[in-house]
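Trainee: Going down the list, the sequences are from chains H and U.
By this note's numbering, the letter at position 380 of the first sequence is numbered 380, and the numbering carries on one by one without gaps.
By this note's numbering, the letter at position 64 of the second sequence is numbered 64, and the numbering carries on one by one without gaps.
These are calculated hints, taken from the structure and not from any lab test.
Be a bit skeptical, because a hint or two may be false.
Taking lysine-lysine and the PhoX-like style, the derived pairs with C-alpha atoms no more than 25 Å apart in a straight line are [claimed, not checked]:
no., chain 1, residue 1, chain 2, residue 2
1, H, Lys223, H, Lys200
2, H, Lys310, U, Lys98
3, U, Lys69, H, Lys226
4, U, Lys98, H, Lys151
5, U, Lys98, U, Lys69
6, H, Lys223, U, Lys69
7, H, Lys279, H, Lys205
8, U, Lys69, H, Lys296
9, H, Lys292, U, Lys69
10, H, Lys354, H, Lys226
11, H, Lys296, H, Lys310
12, H, Lys313, U, Lys69
13, U, Lys69, U, Lys94
14, H, Lys149, H, Lys357
15, H, Lys149, H, Lys226
16, H, Lys223, H, Lys205
17, H, Lys343, H, Lys354
18, H, Lys223, H, Lys237
19, H, Lys237, H, Lys354
20, H, Lys310, U, Lys69
21, H, Lys279, H, Lys151
22, H, Lys223, H, Lys149
23, H, Lys237, H, Lys302
24, H, Lys237, H, Lys292
Covered, in the sense of this in silico footprint (three residues per stretch, anywhere, with C-beta under 8 Å from a C-beta of chain H), are these stretches of chain U [what the hints assert, rightly or not]:
no., segment
25, 33-46
26, 55-61
27, 72-83
Because the structure is a prediction, the values reported are computed rather than measured.
The beta-carbon is built from N, C-alpha and C at its ideal position, and this holds for glycine as well.
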Amino acid sequence: MSNNEHVKVPANLMRRFADDPEQADLEVFGRRSDGDRRGFLRGAGLATMGAMLGAAIPFNRNMPAGFVPEALAQKAMTVDGKDGLTVLNDRPVNAETPPHLLDDDVTPTARHFIRNNGIPPENTSADGWSLTVDGLVNNPMTLSIADLKSKFEVVTERLVVECGGNGRAFFDPPAKGNQWSLGAVACSEWTGVRYSDVLKAAGVKDNVIYTAHVGADSHLSGKDGKLAISRGVPIEKAMNPHNLIAFAMNGKELHPMNGAPLRLVVPGWPGSCSQKWLKRVWLRDVVHDGPKMTGKAYRVPKYPVEAGQKVPKGDFEIIQAMPVKSLITTPQTGIKMSGRSMKVGGHAWAGDGKVSKVDVSIDFGATWQSADLSDPANPYAWQRFGAGITFPMAGYYEVWARATDSEGRSQPFGIAWNPKGYLNNSMHRISVYVS
Amino acid sequence: MMQRLLPHLFVLVLLGAILLAPGRPAWADEDELGGIPRAPGAEETYYLCSACHSFRLVAQQGLSYESWKETLVWMIEEQDMSTPEPEERELITKYLAKFYGRDRLARKLAKQQ
Numbered sequence: 001m002s003n004n005e006h007v008k009v010p011a012n013l014m015r016r017f018a019d020d021p022e023q024a025d026l027e028v029f030g031r032r033s034d035g036d037r038r039g040f041l042r043g044a045g046l047a048t049m050g051a052m053l054g055a056a057i058p059f060n061r062n063m064p065a066g067f068v069p070e071a072l073a074q075k076a077m078t079v080d081g082k083d084g085l086t087v088l089n090d091r092p093v094n095a096e097t098p099p100h101l102l103d104d105d106v107t108p109t110a111r112h113f114i115r116n117n118g119i120p121p122e123n124t125s126a127d128g129w130s131l132t133v134d135g136l137v138n139n140p141m142t143l144s145i146a147d148l149k150s151k152f153e154v155v156t157e158r159l160v161v162e163c164g165g166n167g168r169a170f171f172d173p174p175a176k177g178n179q180w181s182l183g184a185v186a187c188s189e190w191t192g193v194r195y196s197d198v199l200k201a202a203g204v205k206d207n208v209i210y211t212a213h214v215g216a217d218s219h220l221s222g223k224d225g226k227l228a229i230s231r232g233v234p235i236e237k238a239m240n241p242h243n244l245i246a247f248a249m250n251g252k253e254l255h256p257m258n259g260a261p262l263r264l265v266v267p268g269w270p271g272s273c274s275q276k277w278l279k280r281v282w283l284r285d286v287v288h289d290g291p292k293m294t295g296k297a298y299r300v301p302k303y304p305v306e307a308g309q310k311v312p313k314g315d316f317e318i319i320q321a322m323p324v325k326s327l328i329t330t331p332q333t334g335i336k337m338s339g340r341s342m343k344v345g346g347h348a349w350a351g352d353g354k355v356s357k358v359d360v361s362i363d364f365g366a367t368w369q370s371a372d373l374s375d376p377a378n379p380y381a382w383q384r385f386g387a388g389i390t391f392p393m394a395g396y397y398e399v400w401a402r403a404t405d406s407e408g409r410s411q412p413f414g415i416a417w418n419p420k421g422y423l424n425n426s427m428h429r430i431s432v433y434v435s
Numbered sequence: 001m002m003q004r005l006l007p008h009l010f011v012l013v014l015l016g017a018i019l020l021a022p023g024r025p026a027w028a029d030e031d032e033l034g035g036i037p038r039a040p041g042a043e044e045t046y047y048l049c050s051a052c053h054s055f056r057l058v059a060q061q062g063l064s065y066e067s068w069k070e071t072l073v074w075m076i077e078e079q080d081m082s083t084p085e086p087e088e089r090e091l092i093t094k095y096l097a098k099f100y101g102r103d104r105l106a107r108k109l110a111k112q113q
């Protein structure tokens with residue numbers, strides 16, 4: 001274990017070494033090894049590696065080229081109260097969950113992904129927190145969390161929240177932004193009051209078409225009053241009874257990185273509609289134009305485009321419901337097994353709708369078998385699927401899962417490429433080695 | 001006596017070895033730049049980007065020169081990034097396109113996960 005906390009372990013350390021060990025040696029440590037691919041040629045890189053470890057390396061002459069000291073390999077960034085997440089970015093923190101850690105029907109708080117656009121607020125205490133509802137309403141209100149609890153019915157629901165950019169890492173050409181792979185999705189149990197009940201109490205005026213959400217996080221530039229993100233939804237979506245103004249997650253207070261002490265949960269739509277650290281809801285008679293509502297943010301082209309195509313700004317439209325999708329959460333990809341049969345399972349979800357079936361394939365999509373599929377615990381909860389599969393002989397297999405929603409729309413194999421890397425609902429596949 | 005001194009001597013000798021080691025000696029600049037590839041523009045790029053966010057956000061990307069150029073415009077116009085001098089801006093854009101370009105092997109590897 002390193003005792004030098006000031007020295008940072010570079011991003012993607014293990015990946016860089018897996019990729020090209022000797023190049024990574026050079027880039028990360030400035031290391032060149034001796035002719036026998038051991039040691040440090042004229043000491044190149046030894047000091048750096050020593051500094052990163054916080055100790056000298058007595059047997060450095062024996063160290064193979066492209067070798068990552070175990071102490072550095074182990075030094076992964078961690079977030080208090082989170083477990084097993086892959087950190088994509090540490091300032092601001094953005095982290096996703098490997099699929100096999102998302103197997104629970106109710107995602108534990110420790111496994112819920114983190115997506116930050118700005119600098120999270122330092123004070124996330126429920127005491128003194130207030131929510132203002134204003135704009136085009138008959139009764140502007142400022143409510144404490146205690147007010148919310150006493151004035152409105154408190155409900156608990158399992159709700160899927162998925163980042164609009166989940167799956168961006170698979171885009172080619174690459175799309176800008178955090179390179180989410182599969183795990184920027186979760187279905188935790190949220191407790192709060194219905195967003196629609198609060199809006200009704202505020203008396204939304206007839207000319208309102210859109211909500212605007214403001215949180216307590218600040219812009220990365222640190223500029224006073226500049227919002228990192230402020231999104232909203234059409235008033236019809238806001239009035240859906242399954243949207244919550246939530247103050248609890250899995251029976252406990254919210255995790256600070258998931259919006260403590262108060263947040264919106266607007267399931268089925270991009271996670272950015274579920275404003276964290278909620279301070280204000282503002283009702284408007286225009287489509288909200290806060291940060292990340294305009295330009296290309298959370299928007300896709302109005303028409304299908306070729307991968308890499310330039311799309312004029314005016315040809316984008318705001319993403320609404322997320323598309324049907326599924327995730328295999330058991331077994332973990334890369335499993336090696338000696339038997340011929342196994343159980344495969346996971347979750348499926350479908351934006352504003354419901355999943356009607358899930359099929360699995362072990363032969364690269366040539367044939368499919370239908371999986372058992374459970375009903376959602378409540379609307380907007382994900383649905384468990386499971387299937388028993390048998391492999392005909394030893395070898396390399398991929399298990400693919402394909403969900404279909406109640407409108408008959410299925411997950412595609414390929415990605416409907418778009419410039420900002422949103423809405424990748426292509427099929428999840430895992431590898432299985434049968435011996 | 002020697003027994004008690006030995007560990008201290010050991011540390012001293014090693015420290016000397018580290019400090020006097022040839023190649024790229026000082027760790028100060030190395031760790032300040034978070035281990036990013038050392039090439040012209042590394043320092044300028046690192047400090048410009050990491051003023052507001054971790055360099056890990058940059059290191060995840062794989063963008064063309066044109067796309068990095070656009071990203072810098074967006075950062076300046078919409079994200080309140082300071083505007084580098086034209087020469088420095090060009091150096092930074094080239095650095096980004098070279099080390100965080102479209103064909104990065106790391107990206108290909110990431111996709112196979």
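Trainee: Each of the hints needs a verdict: does it hold here or not?
Mentor: Hints, verified against the model:
1. H:Lys223 with H:Lys200: 35 Å, violated
2. H:Lys310 with U:Lys98: 22 Å, holds
3. U:Lys69 with H:Lys226: 24 Å, holds
4. U:Lys98 with H:Lys151: Distance of about 58 Å is beyond 25 Å: violated.
5. U:Lys98 with U:Lys69: The hint holds at about 13 Å.
6. H:Lys223 with U:Lys69: Satisfied, since the Cα-Cα distance of roughly 23 Å is no more than 25 Å.
7. H:Lys279 with H:Lys205: 21 Å, holds
8. U:Lys69 with H:Lys296: 16 Å, holds
9. H:Lys292 with U:Lys69: Cα-Cα ~20 Å, so holds.
10. H:Lys354 with H:Lys226: It is violated: about 38 Å lies between the C-alpha atoms, which goes past 25 Å.
11. H:Lys296 with H:Lys310: At roughly 12 Å apart (the allowed maximum being 25 Å), lysine 310 of chain H and lysine 296 of chain H satisfy the hint.
12. H:Lys313 with U:Lys69: Given that 25 Å is the threshold and the Cα spacing comes to 17 Å, the pair holds.
13. U:Lys69 with U:Lys94: 9 Å, holds
14. H:Lys149 with H:Lys357: 38 Å, violated
15. H:Lys149 with H:Lys226: With a Cα-Cα distance of about 30 Å, the restraint between lysine 149 of chain H and lysine 226 of chain H is violated, given a limit of 25 Å.
16. H:Lys223 with H:Lys205: Not satisfied, since the Cα-Cα distance of roughly 33 Å exceeds 25 Å.
17. H:Lys343 with H:Lys354: 23 Å, holds
18. H:Lys223 with H:Lys237: 32 Å, violated
19. H:Lys237 with H:Lys354: Holds, at about 16 Å.
20. H:Lys310 with U:Lys69: 15 Å, holds
21. H:Lys279 with H:Lys151: This hinted pair holds, its Cα atoms lying about 18 Å apart.
22. H:Lys223 with H:Lys149: 34 Å, violated
23. H:Lys237 with H:Lys302: 20 Å, holds
24. H:Lys237 with H:Lys292: 18 Å, holds
25. 33-46: This one holds; 5 residues, not fewer than the three required, reach chain H with a Cβ under 8 Å.
26. 55-61: Contact hint for the segment 55-61 of chain U vs chain H: holds, 6 residues under 8 Å.
27. 72-83: holds (count 4)
In this structure, the hints that do not hold are numbers 1, 4, 10, 14, 15, 16, 18, 22, in rising order.
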